[in-house]
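Based on the provided sequences and hints, a complete structural model is requested.
Chains as they are written, first to last, in the numbering used here: chain A, 2 to 202; chain B, 234 to 333.
The list that follows gives simulated cross-link-like pairs (lysine-lysine, DSS-like), each with its CA atoms no further than 27 Å apart:
{"no.": "1", "chain 1": "A", "residue 1": "K107", "chain 2": "B", "residue 2": "K284"}
{"no.": "2", "chain 1": "A", "residue 1": "K107", "chain 2": "B", "residue 2": "K279"}
{"no.": "3", "chain 1": "B", "residue 1": "K284", "chain 2": "B", "residue 2": "K318"}
{"no.": "4", "chain 1": "B", "residue 1": "K279", "chain 2": "A", "residue 2": "K23"}
{"no.": "5", "chain 1": "A", "residue 1": "K107", "chain 2": "A", "residue 2": "K23"}
{"no.": "6", "chain 1": "A", "residue 1": "K23", "chain 2": "A", "residue 2": "K180"}
{"no.": "7", "chain 1": "A", "residue 1": "K107", "chain 2": "A", "residue 2": "K17"}
{"no.": "8", "chain 1": "B", "residue 1": "K279", "chain 2": "A", "residue 2": "K17"}
{"no.": "9", "chain 1": "A", "residue 1": "K17", "chain 2": "B", "residue 2": "K284"}
Every beta carbon over 12 Å from chain B, so not counted as near; a handful from chain A, in silico:
{"no.": "10", "residue": "R27"}
{"no.": "11", "residue": "A68"}
{"no.": "12", "residue": "S86"}
{"no.": "13", "residue": "F136"}
{"no.": "14", "residue": "L140"}
{"no.": "15", "residue": "R168"}
{"no.": "16", "residue": "C188"}
So, partial list: chain B residues that the calculated Cβ filter (under 10 Å) puts toward chain A:
{"no.": "17", "residue": "L246"}
{"no.": "18", "residue": "K247"}
{"no.": "19", "residue": "P248"}
{"no.": "20", "residue": "P251"}
{"no.": "21", "residue": "E255"}
{"no.": "22", "residue": "D277"}
{"no.": "23", "residue": "R278"}
{"no.": "24", "residue": "K279"}
{"no.": "25", "residue": "V280"}
{"no.": "26", "residue": "N304"}
{"no.": "27", "residue": "G305"}
{"no.": "28", "residue": "G306"}
{"no.": "29", "residue": "A307"}
Treat the hints as calculated values from the structure; they're not laboratory data. Bear in mind the structure is a predicted one, so any value in this text is a computation, not a measurement. Glycine included, C-beta positions come from ideal geometry on N, C-alpha and C.
Given next are the chains, with one letter for each unit.
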Amino acid sequence: MTPLRMRLEQWREYNKISEAGKIARRAFANNSFDGVLTMIGVVMGNFVVGVQEATVVLVTGLSTALAIGISGGWGAYLTESAERSHAVGELEQFTLTELRDTKIGKASRAAVWLVAAVDGLSPFLSALLVVAPFFFAPLLPSVAYAYYASIGMAMLALFGLGIYLGRISQRNWILSGIKTMIVGVICIGLSYFLEQVTRSP
Amino acid sequence: MMGRIRRLVLDTLKPHDPSIIELAQSLSELDGIEAVNISIYEMDRKVENAKITIEGSDIQFESIMEIISDNGGAVHSIDEVVAGKIIIDDASTPQDPYQG
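Below, the structure written as structure tokens:
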């Protein structure tokens, strides 16, 4: 067996013990959704107040993306490791043996890292995807195109997430995609509403 | 040189996961082992009692213990050992309890 194959086999076994894959899948969908919607908020906030400089949107967007990535990863690491060590400790009371260096302990630690990585990377990458058109703003005729492209990307990402969730739940995936897109539309509507409310004398 | 262990019967306590399928597979992959049988005789909320029977041409006890503990299990007792050139069962004597 090659080292890579052995490593994959080990991960498969750890996943079976810790059920990390299932948790990571849920974290991926949940946090990507968070990342996209947060970025819709940032982009729409800039758009409704009329920010014309792409770098302002880019820096605000990237800072937010980093912050939610760190928050997601760090938070998941802390909560997951607390939960996992509690579960292993509880099991040790039944087996009356130390489980730290067993497959159970190793699977538990691997699960913490996997879930933390997914929790951190998924909102960061999904947020980066939404703000990405602003990288190309100098090549576009006006910054408005970057705004439209960014919102278009966000809608596409939400639709994709809806499809992904629809496929997991084995329901109508197009309907599921449309449902998640509606959430994005609501966010956009609320940004406009907020701008109207704050601008009115 | 020590005699070769041909059969080993262990009473163990182990968590539900890794399952006895993985445990049996891991044990059967060891050198000198020809067959493994694991049966659960008691089930608890978090753990289960498993009787592990191993047969082979040269069973390495330390390796068996290592695999069992790596899977989170603990050996409660060694219930039977057969060593030598062939496998023999325990001889019946008049003192044995009646099993009719």
